[in-house]
Amino acid sequence: MNSVENSIRDVARKLLSEKKVDLIIGYEQGKVPLRTTPCFVNKIEDVEKLVWNACCDANLAKYSVGRKEKVGVVAKGCDARSITVCIIEKQIAKEKVFIIGVPCSGIIDRKKIDMKLEGREILEATVDDEKITLRGEDFKSVLPKKDFICDSCSTCQHRNPPIYDVLLGEKAPESTGVYEFSQVSGLEEKSTKERWEHFSEELGKCIRCYACRNVCPLCYCKVCFVDQTLPAWFGKTNDLSDTMIYHLVRAYHLAGRCVDCGACSRACPMGIDLRELLKKIEKTMKERFNYEAGVSLEKNPPLGEFKMEDSQEFIK
Amino acid sequence: MKRKVIKKSKIPVLIKDLTMEYEVFAPVKQRGFVSFERVSSGNEACLEFQNTKKPPKEIFLPQTEILFSYKVSKNGVETTESPAVERKMVLLGVRPCDARSFVMVDKFFSSEETRDKYYSQKKENATIVGLACNHPLSTCFCTSVGGSPFGKDGMDLLLSDLGDKYLIEALTEKGENLIEKLPLFEDAQTEDNDKATELSKNAQKAVRSRVSVEGLSKKLDMMFEDPVWDQIRKKCVNCGVCTYLCPTCCCFDILDEVTDDGKRVRIWDSCQFPLFTAQGSGHNPRPSGREMMRQRIMHKFNYYVDNFGENFCVGCGRCVRECPVSLDIREIIEEICSAETK
Chain A
7 MNSVENSIRD VARKLLSEKK VDLIIGYEQG KVPLRTTPCF VNKIEDVEKL
57 VWNACCDANL AKYSVGRKEK VGVVAKGCDA RSITVCIIEK QIAKEKVFII
107 GVPCSGIIDR KKIDMKLEGR EILEATVDDE KITLRGEDFK SVLPKKDFIC
157 DSCSTCQHRN PPIYDVLLGE KAPESTGVYE FSQVSGLEEK STKERWEHFS
207 EELGKCIRCY ACRNVCPLCY CKVCFVDQTL PAWFGKTNDL SDTMIYHLVR
257 AYHLAGRCVD CGACSRACPM GIDLRELLKK IEKTMKERFN YEAGVSLEKN
307 PPLGEFKMED SQEFIK
Chain B
359 MKRKVIKKSK IPVLIKDLTM EYEVFAPVKQ RGFVSFERVS SGNEACLEFQ
409 NTKKPPKEIF LPQTEILFSY KVSKNGVETT ESPAVERKMV LLGVRPCDAR
459 SFVMVDKFFS SEETRDKYYS QKKENATIVG LACNHPLSTC FCTSVGGSPF
509 GKDGMDLLLS DLGDKYLIEA LTEKGENLIE KLPLFEDAQT EDNDKATELS
559 KNAQKAVRSR VSVEGLSKKL DMMFEDPVWD QIRKKCVNCG VCTYLCPTCC
609 CFDILDEVTD DGKRVRIWDS CQFPLFTAQG SGHNPRPSGR EMMRQRIMHK
659 FNYYVDNFGE NFCVGCGRCV RECPVSLDIR EIIEEICSAE TK
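Protein sequence lines, in the order shown, are assigned to chains A and B.
Quick note: the first sequence uses our numbering, first residue 7, plus one each step.
Quick note: the second sequence uses our numbering, first residue 359, plus one each step.
Only true hints are included.
Quick list of in silico lysine to aspartate or glutamate cross-link-like pairs, DMTMM-like style, CA-CA up to 25 Å: (1) B:387 - A:208; (2) B:510 - B:395; (3) B:592 - A:28; (4) A:211 - B:406; (5) B:411 - A:120; (6) A:211 - B:614; (7) A:102 - B:588; (8) A:211 - B:402; (9) B:387 - A:203; (10) B:387 - A:144; (11) A:74 - B:584; (12) A:100 - A:28; (13) B:429 - B:439; (14) A:117 - B:395; (15) B:374 - B:522; (16) A:286 - A:186; (17) B:592 - A:75; (18) B:368 - A:124; (19) A:74 - B:583; (20) B:387 - A:120; (21) A:49 - B:689; (22) B:411 - A:127; (23) B:374 - B:482; (24) A:122 - B:395; (25) A:122 - B:402; (26) B:366 - A:127; (27) A:228 - B:611; (28) A:102 - A:171; (29) A:74 - B:649; (30) B:481 - B:416; (31) B:559 - A:143; (32) A:49 - B:588; (33) B:411 - B:381.
Hints are computed from structural coordinates only; laboratory data are not their basis.
Start from the sequences, fold in the hints, and give me the full structure.
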């Protein structure tokens with residue numbers, strides 16, 4: 007057991023026994039190798055279930071939205087930033103959440119591993135700081151961890167939660183010399199036609215399962231626009247025009263709010279890189295508004311704010 | 359029925375020959391996973407795979423299907439039926455769990471009382487060539503729900519991988535006709551049959567994931583209002599991954615796509631979605647994840663059992679592997695079985 011995992015359990019035990027929170031939301035080991043699953047602990051004896059490792063992929067901020075009880079949430083940098091956005095947007099009351107911050111050096115991308123293994127099944131896996139050791143029926147494979155973390159993690163600028171109630175373990179070194187938006191360069195270099203073709207191909211794979219929306223802590227609309235029927239704004243088929251509108255509107259709705267936790271891309275069963283457009287929008291928000299989501303409780307998202315001194319005439 | 363063998367090296371020729379007469383759907387590896395695609399040449403197909411990401415149900419029940427189109431004018435409404443599907447199809451390389459799911463789904467769409475022509479036309483024109491599993495996955499639990507890695511339900515032909523060749527066993531007249539027509543097969547020898555029997559025994563043992571569904575349906579009879587659903591649904595985010603990737607889930611919605619003319623369209627729907635049971639009045643009898651989760655489990659392990667005498671799950675394990683939050687149906691079943699009921 008690693009020291010952070012130990013500390014998570016200690017903090018959880020303390021918070022529950024002192025009745026500072028009613029519920030701890032963390033991770034427990036899943037049945038499938040390289041998987042964890044969200045874990046809800048309200049009894050001290052269940053604290054032992056909690057784990058912390060590089061497979062803790064879900065953004066648990068999702069489960070903190072709209073809760074009546076006070077919760078302690080295990081949060082990586084991106085998860086803590088999502089909680090912060092939810093606090094600013096009044097979806098989580100600040101006094102109802104206790105952020106158990108954990109430094110993170112990257113979450114394992116199972117899709118990259120699946121590609122590498124070419125269909126061979128993992129029966130056992132262990133992960134340490136440097137390497138991932140996989141065993142199957144007739145193979146053993148040791149992979150360098152840094153090559154198999156999620157794209158969102160490899161360009162992450164906030165490996166430590168900017169805002170937290172307690173921060174466990176030693177701070178993870180923030181990445182240096184990594185261009186945060188390197189993954190959108192390819193998109194920017196494409197012509198309009200090429201971009202259209204690219205998005206048509208990617209989004210053409212979508213099966214409209216809404217996993218991307220449903221794992222996103224910031225997709226908390228009571229009724230999503232795709233589920234509205236009076237009027238129905240657009241079709242529900244998996245025809246490309248319907249699918250594309252869904253993804254484009256969702257992406258634009260996340261402008262200045264998305265923290266690039268990568269949960270949407272990880273959740274997509276069809277392997278669509280949903281982050282790509284979101285990252286481009288994130289870049290625009292940074293360049294035009296000098297805004298980064300989820301790093302401060304004071305600044306509102308640019309598209310969620312109105313100022314009399316706005317430099318744009320049309321808005322007044 | 360007939361048993362033949364075919365060398366693996368001849369599979370591309372077999373597919374090519376089949377495409378002369380049939381639309382051939384086979385597993386194709388692309389974008390990092392395998393899915394059933396229509397193939398035009400033998401080299402596209404990949405029969406060395408575990409299972410496809412999506413089940414083959416969409417070949418008979420497409421995610422979006424136009425049922426008919428209509429025009430509204432001064433003279434009234436004029437409708438145009440979608441053309442009947444007359445082409446013959448071959449589905450090559452369907453795993454036994456997925457082939458068995460066809461038998462279950464047929465009960466909704468292709469029974470005497472409930473014949474859905476859109477589904478049935480396609481299904482009746484299809485020859486299903488199964489492919490036995492020598493290496494079941496650790497998430498497979500077909501043997502717990504009445505299936506087997508060498509199961510034959512729902513197939514016309516079964517292929518067993520013997521190493522450098524396949525044993526091909528005709529299971530129906532349709533299957534027999536197909537192998538009769540093609541000159542690529544040789545007669546199977548006793549050792550081929552023996553080898554397949556041994557592989558089958560080993561595969562059966564290799565399905566290590568066990569789920570106890572005995573008495574589950576009866577227990578669920580008493581659990582409609584049980585607090586266990588609040589526990590089970592906790593981490594579910596109510597996306598459609600489990601239902602859309604499930605070979606047996608086949609719920610759909612029907613809607614009109616209206617521009618100048620209209621189209622009546624059938625699309626996949628999921629019991630996990632908020633609109634699934636939303637009524638015109640705005641009332642939704644299944645307002646939260648609790649009721650949605652209950653519906654999924656009840657339909658699979660209680661209602662379907664009442665109606666058709668078996669569980670509505672083939673144990674393919676897709677929902678286990680693909681759930682974004684790793685909610686495991688095997689654990690759900692365990693939790694229900696161990697729950698104390700009043």
